[in-house]
Every structure is written in C-alpha cells, then in structure tokens.
Amino acid sequence: MKIKAFKGLRPACGEAADIASLPYDVVNFEQAAKQAEGKPLSFMRVVRSEIELPLGTDPYSQEVYGHAKENFDRLVADGHLVREDVPCMYLYRQIMGGHSQTGLVAVFSADDYERDIIKKHEKTREAKENDRYMLTRTLRANTGPVFLTVEDGTELDKIVEDKSDDTALFDFTADDGIRHTVWKISDPDVIGKITAIFGAIPCAYVADGHHRSASNARCARYFKSENPNHTGDEDYNWFLAVVFPAGQLSILPYNRVVRDLAGYTRETLLKKLSEICSVEKTESKSPDSSKKVSMYLDGQWYMLSFGNTDGLDAVSSLDVALLQDRILGPVLGIGDPRTDERIDFVGGIKGTGELERLVDSGKFAVAFSMYPTTVGQLMAIADAGQIMPPKSTWFEPKLRSGLFVHTF
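Quick note on our numbering: the sequence shown kicks off at -19 and runs consecutively.
Think of the hints as simulated: they come from the structure by calculation, not from any bench. Predicted model only: the values in this text are computed from it and were never measured. Do not rely on the hints blindly, as some may be mistaken.
What the hints assert, rightly or not - SDA-like cross-link-like pairs, simulated, lysine to any residue; straight-line CA separation at most 25 Å:
id, residue 1, residue 2
1, Lys251, Glu263
2, Lys138, Lys103
3, Lys100, Ala197
4, Lys99, Lys261
5, Lys271, Ser296
6, Lys251, Lys261
Claimed, not checked - Each pair of labels, with its calculated beta carbon distance range:
id, residue 1, residue 2, range
7, Asp290, Gly46, 53 to 61 Å
8, Gly46, Asp156, 40 to 48 Å
9, Ile329, Glu50, 29 to 37 Å
10, Asn209, Lys265, 55 to 63 Å
11, Lys265, Thr147, 36 to 44 Å
12, Arg201, Val62, 29 to 37 Å
13, Asp278, Ala364, 36 to 44 Å
Note that the Cβ used here is the ideal one computed from N, Cα and C, for glycine as well.
Using the sequences provided together with the hints, build the complete structure.
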C-alpha cells in the first residue's frame, strides 16, 4: 500500500469541538440543521451547506456546492482552519462508552483504490456518488475521511498504541458523549518508517465511506485528464482516510422497517413465515446469534430462526441476505431494497426502542432487529470480489468531519 503525510488544514487550537461535525450521510436535513444550530463554525455547514439555503433548494444543485465553498473558504480566511507547516500524519482515538479505537490518519493512493489494493464490499448509489464528487471537485478538498481497516497482526497495531493525553493536539468530548483525541506525527523519520510499514501491507478494506472513496478516485481521474503535465505526484492523486486494525472496530446491526404487510394480516403473515423459518414469541428484542432475526409486529416480538444454511456462499449466508431472500423479497414484495420506498433502515446506534417507536406510531407495520455482520465476513466478501447487500454494516463511532482536511 502507498500512503503519505500531507500538509493539510486542521482546526485552530481550542476550536476542534466547535468545527467537528458528524459525517454528511448519517443525518437527514432536519438533523443536520439541528447539529449546526448555535455553532457558526460547524463543518456541517460545509458538508451539508443546503441547511443555510431556502427550504426546497435542490441539495444536488450547483448553488449548494458554491455555498459550501464560500463557507469553507471563510473558515480558512478567518483563521479557524489552519495549514500545517510540514507534512503530517495523525493518530485519532475515539472513545464511546467502554469502546476505544485508534486509527492512523494519512492520505492514501487513488491508484490503490482503482487497482483493488483498497478493497470494496458495497455498490455506490449514483446520486450520492455524484454529490460527493461535485463537492470534492468544487472545494478541491477531501472534507471527510474514508474509514479503512486492515487485518490484525500488522505493524499498524504498534503504530496506534495509545499515547499520553498530555501531548494531544485535540482532546474533546462531543455533544453525543463520544471523546475524540488527536496526536500529530510530524517527525520525518517516524513518517518514513510508517510509510515503509504500509509498503509491506498487501491491502486495506473500505469499512465505511464507499461514496467518499469512489468520488475521490473519480476526482483524481478528472484532474489528471485536465492536467497535461500530470506526473502522478500531485495532491489530487491522494485521498484522506483513517485506517484501523480490524480488531478495534465495533460493528452494530443495521435494522429494517417496512411500511406495510403487503396485504397480509398479522395472523396470515405469521402463518406464511412459519412455512419459511421457525417463528416463536420472545422477550428478546435482538437476536443472540447469527441466522436469527427478531421481528416486532403488532406490539409483540418474535424470533425468526433460519436453520440450516449449508451450501450458501459468503454473501447469501449473511443474515441481511437471508432476510431479504426469504422474507422481504418473496413475502413482503421488497424487490430492490436500494430503491424501494416501502423499506427503511435504522442504524443500530438508535437501539430497538426506535424500532418499536416507528411501528407503534403507525408509520411502519413491521420491524426486523438484526445480528451484526462481522469484520471477518466483510473482509471475506471483499476478498472474493463480491458485494454485500445494501445497509449490511453500521460502524460506530463515526469519524468526524473537519478535524483534518486534505486539499489539492
């Protein structure tokens, strides 16, 4: 793998907490606006600048990208985002409750992404990829890091060993209770050793951020085509990412809710499901193992057990695939969960109480609480060149935007 240090932008001392924002794609318009409320420096005003424009503004319009550039340029001009004097890497630790994870921040090769040295496991949605491409191209900057992982047992394990909080560049606890600590690495000798270590790591995996990585690679192709003197050393050939050892990561379930029962009553649906899998009333709102799904219907939880799945490949044996292939598709008529408006997805961070609330409100008819996909399953599918079903993984905590900005 090829990685580099970079002379990026970062918050001025004491302003990291005011600038850092959640990623653009984990909040809707209303949530994004609330995140930025009372925070004039919030990077949400860059990654989701439509929150400052008139209601009804097309979020994919040039007006939005132009306004994002105005906000971004103002943060730089007013000294809230400052340029490093020398190329740097960083260590970035997040603590959420009892879970801690520390990753290395650097810029990674767009060519490695194109050659599948950085491996993917999801398809991108055209509208979302176009959106991030236009923002990145307009700002000439990577505004949010891609979330990468590598197998355990590499030298990265030693690089990210914890540091003393006394030497931290940033150390703050966000509104959601997650603590973020950043240490700067600027010693050229240390950076050289880290670069050499990654030269011996055969590949990385996109854990979260497929649209960001795809749009970054697309920007590299665009700027290359526009530059008759292209050498391969330009900053646009690299994109911002944080890479973690796999063993540090926490994957939460990505749950499903469906708006109607496709003509079934509660009784006829339960009868139909009993022909497909084991169905039992339960007090368990989450399954305790794979090949099981908890279903919330009409105020009652049921445990669905799929039984024998021998002979299925790595993708088809995923719990989300079993649910889609055996129940959501053939019974409830959800043909393509990427585009069907009758289904929605709820990140595991919101808990099963959110599933109950959505069904009890009448907005949805049934909810499915999943067992989380593992990092091992993700890697096996990426290694096989296969694609996971949509919304198979929910990584938490989320990497903040605005703490590191790579420009080109």
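Here is what the structure says about each hint:
no.	hint	verdict
1	Lys251 - Glu263	holds, 20 Å
2	Lys138 - Lys103	violated, 32 Å
3	Lys100 - Ala197	holds, 13 Å
4	Lys99 - Lys261	violated, 41 Å
5	Lys271 - Ser296	holds, 11 Å
6	Lys251 - Lys261	holds, 13 Å
7	Asp290 - Gly46: 53 to 61 Å	holds, 56 Å
8	Gly46 - Asp156: 40 to 48 Å	violated, 30 Å
9	Ile329 - Glu50: 29 to 37 Å	holds, 32 Å
10	Asn209 - Lys265: 55 to 63 Å	holds, 60 Å
11	Lys265 - Thr147: 36 to 44 Å	holds, 43 Å
12	Arg201 - Val62: 29 to 37 Å	holds, 30 Å
13	Asp278 - Ala364: 36 to 44 Å	holds, 40 Å
Consistency with the previously given hints fails for numbers 2, 4 and 8, ordered from lowest to highest.
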